[in-house]
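Visitor: As a plain string of letters, each chain reads:
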Amino acid sequence: MNDRDAAVEPLLREELEHLAALPQPEAGALLRRVSRRRRRNGIGAAAGALAVLAIVTGTVLTVGRPPARPPAVTPPANLAVAGVPQVHFVDADHGFALASSCPAAAGDCAVWLANTSDGGTSWQAHQVPGLTYPNAAEGGDPRVTLRVLDASRAALDGYDGDRRWFTTDAGATWTQPSPRPDGTVDSIPANGLAQIESNAGAPVGIVVLLPDGRSARLASPPVAPLTESMTDVTVGTDGSAWMEGSDDDRSWLFVSRDRGRSWNRVPLPAEAAEPGRPHRTVGRLAVYDGRTAFLVDASGYRLWRTKDDGRHWEPLLVPIAKPSEDVGLVASPEADGGLTVFDVLTGRSFTMRGNGDRFVPVAAEQRPSVRIGARFLAGSGPSGREPPYFHSSDRQTWTELHF
Amino acid sequence: MPEQSFDEFVHASLPMLSRYANALTGSAHAGEDLVQDTLVKVSRAWRRVRADGNPIAYTRKVMLHTYLSAWRGLLRRPRTVPLSQDWAGPDQFPLVESRDLLRRALAGLPPAQRAVLVLGYLDDLPDDEIAAVIGRRPATVRSLRQRGLATLRRHLVLEAHQEQR
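As they're listed, the protein sequences go chains R and S.
So that you can map any letter, position 83 of the first sequence is 83 in this note's numbering, and since no number is skipped, the others follow by simple counting.
So that you can map any letter, position 3 of the second sequence is 3 in this note's numbering, and since no number is skipped, the others follow by simple counting.
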């Protein structure tokens with residue numbers, strides 16, 4: 001504590017005491033409200049049980065009949081991306097995109113899942129039942145995360161962690177399994193998805209989205225207390241799983257090469273430490289093929305590469321000078337283990353092949369883009385993040401994201 | 001000793017719970033909501049909580065966790081500012097102004113920082129107890145406090161400079 005803190009502390013104590021002394025609710029009324037809430041929840045649970053019973057009964061009665069697939073619906077003309085684009089391609093042809101249809105005036109926006117099987121040249125779309133959000137003047141957001149498992153399976157997970165919509169037929173029909181993990185799995189299945197579950201002050205869990213739409217905890221996650229929001233599990237094309245994240249004092253990087261059964265700690269380069277925090281790094285991982293990993297210090301315009309799971313980190317000469325503007329370094333890992341970096345201000349880009357050790361300029365001007373699975377996504381405007389959006393398989397020819 | 005019922009517990013603990021809730025949320029209405037959400041959770045587990053023998057400590061922990069997790073959701077929603085508490089009559093201006101600045105700065109703090117300040121400065125809890133309540137390490141608690149105080153100080157100094165111009 002320093003002198004300046006000592007000056008703030010009396011004011012803070014006084015203010016907290018003042019706030020703490022605000023009127024308290026009347027105990028009897030509060031108890032009645034608590035009791036009503038509990039009753040309502042109980043009724044909700046009973047209704048849920050009846051609904052499940054009805055569904056089971058319906059399922060039993062319809063066994064033997066072919067499943068009725070809803071007729072194809074013509075998507076509304078105003079179908080568009082809302083908020084940050086959520087698009088993912090499982091291969092060059094098959095992909096999903098989250099879209100919204102909003103009324104011109106006030107009202108609720110409907111959420112649709114669009115899918116393509118021709119590399120985004122044409123899209124089909126299905127409305128997600130029961131998923132709407134208010135049409136805000138400043139732009140609304142569906143408040144769900146699109147998670148794609150394969151060409152026909154996708155989940156939409158609500159931000160609140162309480163709701164999940166799941167489809168196994170590219171959005172034609174939907175179920176709502178619980179997103180809460182139930183049980184454990186020994187490994188991350190081939191078409192499953194893993195994400196970090198932070199536990200304040202305790203080691204993380206890894207929750208796996210299974211191909212049937214349920215979630216389960218991975219039996220043996222790495223031991224690290226990751227509490228920052230920038231925590232992630234990235235899966236390389238070779239099946240390796242990379243887990244990175246930090247708490248207030250430290251950063252960790254782990255890799256698993258047996259689909260999550262065991263994890264090895266990947267040491268991070270000491271030069272990438274945050275000022276004053278020797279165990280916490282400023283960079284983020286960029287990995288695609290799973291053999292080569294890059295640490296990208298976007299604000300410091302520094303890069304490191306490792307090809308042996310962190311035993312050696314090689315600093316790379318970044319071909320772009322750090323600008324005076326507050327623009328971060330944009331880097332995208334390549335399929336051959338290389339990396340492409342973008343100079344957002346000039347539109348130039350530089351690439352380094354997987355077996356190379358220096359960046360060379362790319363002849364044609366490229367849009368700064370991010371990987372969305374097997375394709376790339378680029379935006380427009382000075383920031384490169386505004387609509388209209390474009391996607392590409394090779395970053396040479398671009399197709400507008402249009403439903 | 002006869003077992004304490006949930007209603008008796010609420011009557012006995014309400015002043016303490018309201019005190020924390022109001023300091024955490026910064027308003028009586030939000031504080032009341034936080035107390036209510038907390039008690040709904042505690043009531044579901046009351047039999048076990050009572051058997052554990054320390055319902056006050058358990059409830060305080062539930063309240064802290066409810067506050068921390070609810071706040072994450074509120075981050076994505078527009079926040080309302082209680083107008084009646086932001087402006088004051090001219091006769092009390094100097095006093096209200098400094099409180100107003102501090103309250104605005106407090107309202108802008110991340111929840112974990114605010115929780116650490118409330119537990120530390122409202123009840124003078126030591127770092128290890130705060131760490132146990134919010135589920136962080138004592139070193140993290142110290143870091144959160146320092147960052148919280150630094151933000152408050154920065155806010156007050158910045159506002160003072162702007163006033164001087």
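A hint or two may mislead.
What the hints assert, rightly or not - Residues from chain S that face chain R, not an exhaustive set, calculated with beta carbons under 7 Å:
1) SER5
2) VAL10
3) HIS11
4) SER13
5) ARG19
6) GLN36
7) LYS41
8) ARG99
9) TYR121
10) ASP123
11) GLY135
12) SER143
13) LEU149
Quick caveat, the hints were computed from the structure, so don't treat them as lab data.
Computed from a prediction, not measured in an experiment: that's the story for all the values here.
Just so it is clear, CB atoms sit at the ideal spot from N, CA and C, and this is done for glycine as well.
Visitor: Determine for every hint whether it applies to the structure shown.
Guide: Hints, one by one, checked against the model:
1. SER5: 11 Å, violated
2. VAL10: This hint holds: VAL10/S lies near chain R, its Cβ roughly 6 Å from the closest one there, short of 7 Å.
3. HIS11: 5 Å, holds
4. SER13: Violated: closest Cβ of chain R sits about 10 Å from SER13/S, beyond 7 Å.
5. ARG19: 4 Å, holds
6. GLN36: 6 Å, holds
7. LYS41: 10 Å, violated
8. ARG99: OK, holds: ARG99/S within 7 Å of chain R, min 6 Å.
9. TYR121: Hint holds; TYR121/S Cβ to chain R Cβ min 5 Å, cut 7 Å.
10. ASP123: Violated. Min distance 9 Å.
11. GLY135: Hint holds; GLY135/S Cβ to chain R Cβ min 4 Å, cut 7 Å.
12. SER143: Cβ of SER143/S sits 5 Å from chain R, so the hint holds.
13. LEU149: Hint holds; LEU149/S Cβ to chain R Cβ min 5 Å, cut 7 Å.
Violated hints for the displayed structure, listed by number in ascending order: 1, 4, 7, 10.
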